[in-house]
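Engineer: Mapping the sequence shown onto this note's numbering, position 418 (from 1) lands on 418, and the numbers just tick up by one.
Source of the hints: derived by calculation from the structure; they are not laboratory data.
The beta carbon of each residue, even a glycine, is placed where N, CA and C say it ideally should be.
Careful: at least some of the hints might be erroneous.
[As the list claims (entries may be wrong)] Cβ pair distances, simulated, as ranges:
{"#": "1", "residue 1": "666", "residue 2": "85", "range": "33 to 43 Å"}
{"#": "2", "residue 1": "601", "residue 2": "565", "range": "53 to 63 Å"}
{"#": "3", "residue 1": "87", "residue 2": "132", "range": "51 to 61 Å"}
[Said to hold, decoys possible] List of simulated lysine to aspartate or glutamate pairs, DMTMM-like, C-alpha gap at most 25 Å:
{"#": "4", "residue 1": "407", "residue 2": "235"}
{"#": "5", "residue 1": "407", "residue 2": "426"}
{"#": "6", "residue 1": "407", "residue 2": "389"}
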Amino acid sequence: MLMAAAVACAAAVLPLAATYAPGAAALLLCGAAAGGVAVSAALRASRRTASTTILGALAVLAGAVVALAAWLPRQSGSALDALRFSGARILTTSVPVPVTLEMVALPFCGTWLAAATAAALLYTRRPALAVLPPVGLLAGAVAVVGPVGEPAYGYAILLVAALAALLALTQHSGRLHAAGFVALAAAVAGLAGPALLSTSDRRPPDLRAHVDPPYQNPEQVNPLNLLAGWAAEPDETLLEVRTDRPSRLRLVTLAEFTGVTWLPARTYPAAGTVLPAGGEPPGRAAHRGGTSAGLGGGWLPAPDGAEEVTGVRVAVDAPTATLVAPDGLRAGQRYTVDARPPDWNPQRLAGARLPAGDEFDTARTLPPGGPGRLYEIARFAAGTGSPYEQATRLADHLRHNYRFDAKAPGGNGYPSLDRFLLRPVEQGGRRGTSEQFATAFAVLARALGMPSRVAVGFTVGEPLDGTDLYVVRAGDAVAWPEVYLDGAGWVPFDPTPPASTGDSLGPAPLDPLPTLPQIEPTPRGPPVDTDQPPDAAATAAPPRARPAPPIRWPWYAAAAVLGVLVGVPTLRLWRGRARLRGGDPTGRLLGAWAEVRTGLRQAGHRPAPASTVDDVARLAGAAAPGPGVGALAAAVNGVAFGAAVPPPADIDRLVADARAYRKALRRHSARLRRLTWWLDPRPLWWRS
């Protein structure tokens with residue numbers, strides 16, 4: 001029983017351990033389950049009361065926590081602060097959670113207390129109550145994990161099996177019954193559970209949504225607005241990078257467009273050295289060491305696919321892959337990023353589709369007030385085909401019809417976009433920096449219904465003197481757009497042409513503003529902007545209709561009813577069969593008497609706790625006329641006082657009498673009790 005209690009508590013908390021970074025989290029939580037059970041069992045074995053047992057388990061737990069504080073690292077603050085704010089810090093840290101004192105203290109204490117309480121309850125008059133602490137521990141673990149964890153069917157099956165064994169063993173019903181109970185419960189959990197859960201499109205609630213992360217949006221200039229200043233002083237050194245696989249460095253991702261500017265994420269949960277996994281396909285490993293020379297601020301440049309950061313405290317916005325340094329970057333700051341930048345396969349991208357869920361609706365939204373011919377230009381430039389083909393043609397259109405000019409006015413809102421896309425060259429149109437090209441692409445992509453965003457970062461240029469050291473200067477700053485494709489993630493595109501060699505742009509190869517035919521609305525576009533001119537409103541796409549979620553609760557209710565109708569009678573019949581047919585002759589005799597007592601209780605004639613065998617026999621005779629149990633009572637009395645065990649033929653007759661009496665009890669019960677006789681689960685945990 002003690003082993004079953006420890007296994008149940010460990011299985012209940014292991015879904016939470018799966019959200020931790022590689023380390024000793026699972027081992028520590030399993031050790032807490034075993035330690036709580038062992039301490040509680042030792043105290044109960046020494047004749048301690050239940051309350052004294054719990055207090056003793058708390059005292060030993062305090063010593064274990066002191067040992068943890070001396071062994072595990074902590075992120076910041078004192079050990080006392082780490083213990084006090086453990087829960088809040090777990091909810092404000094991105095997954096995978098680092099194995100530090102702050103992150104382990106609360107789950108460790110909860111697991112220890114649940115295991116100690118379960119073990120203490122096993123020695124009370126109601127040992128079946130020992131299943132409650134593991135169930136409560138599971139509820140807490142699931143609440144903390146929320147939607148960020150993976151389905152834990154294996155742990156669920158292990159928990160159900162351990163609880164089934166715990167219930168079966170506390171009833172002293174024999175090994176066969178216990179094994180059957182465990183097998184049936186595990187089969188139901190393993191086969192029916194995943195089938196039911198896989199049909200649900202609902203996500204569990206996320207407690208992290210109700211807790212503000214400790215690091216908010218950095219108070220610094222929007223990086224898009226810094227591009228013009230960096231372009232004015234292109235030789236200023238910002239960063240030194242040492243790498244054997246150079247790739248573009250992401251500084252910040254801007255996903256929200258207001259019509260005036262692009263905005264970064266507002267909050268950044270703390271992260272350990274191991275970062276959350278991205279949605280892009282993995283590529284080749286790239287190990288980087290960075291040194292901040294003149295960058296400053298809170299944004300942390302890193303390549304895409306960053307997996308681990310050391311040397312600086314990090315917070316992260318996982319959806320946008322933006323890293324920040326809560327303590328800020330200073331000159332000479334060194335840090336290392338282990339990354340695996342994605343490898344983009346054009347053949348795979350060509351068949352990718354746009355996401356169908358509503359989680360990307362914000363990335364499709366265009367605020368009112370945009371340029372009048374925005375949707376016409378988008379449809380003309382992109383043409384038809386797969387989303388990747390349309391996005392590629394859109395980038396080609398901007399690269400071939402517009403010119404890069406480092407001296408072009410900055411700006412990334414609708415006024416700048418109107419000048420860039422629609423005005424002639426003599427009025428400052430058709431020329432811009434990567435800021436305007438990235439903004440134009442992202443806005444035109446949203447006009448086509450594609451989820452898009454803008455990123456700001458740096459190219460690493462050429463190595464210094466043929467070494468693996470790269471100097472990133474202000475002139476290497478660049479903005480680029482990204483489009484989300486199912487199965488590929490956020491795919492970057494390059495709509496910015498090379499810098500012009502002369503002051504005059506010259507004529508564009510193609511006229512970016514031809515006379516366009518009337519375009520039918522696309523079903524993927526954003527809502528029609530009533531502030532736009534009539535020609536743009538005519539081509540704007542209506543909002544996507546969201547299908548109503550299917551109603552699945554009738555299936556869950558039907559499955560629950562079916563489980564009761566089939567499971568309870570099966571277990572009841574299995575238990576009766578084990579009592580009457582299994583074991584030695586004495587066991588069969590006592591099992592038949594237990595069936596008589598169980599039948600009396602179920603019929604509403606519960607024997608008093610101090611009743612003798614003769615008292616129960618008299619109660620049985622009054623409860624149901626017909627076949628009596630006097631001979632069975634005499635045989636049970638004889639076995640109890642050392643008489644010889646009846647021969648097998650007599651035991652068979654006494655067992656048949658017990659079966660006949662149980663049927664007579666059911667016939668003489670009330671109608672409702674007769675109808676629900678085999679559906680009543682209470683006899684499964686009665687001690688008869």
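Engineer: None of the hints should be skipped; say for each whether it holds.
Structural biologist: Outcome of the hint check:
no. : hint                  : result
1   : 666 - 85: 33 to 43 Å  : violated, 59 Å
2   : 601 - 565: 53 to 63 Å : violated, 22 Å
3   : 87 - 132: 51 to 61 Å  : violated, 22 Å
4   : 407 - 235             : holds, 15 Å
5   : 407 - 426             : holds, 14 Å
6   : 407 - 389             : violated, 32 Å
Comparing the model with each numbered hint stated earlier shows that hints 1, 2, 3, 6 do not hold.
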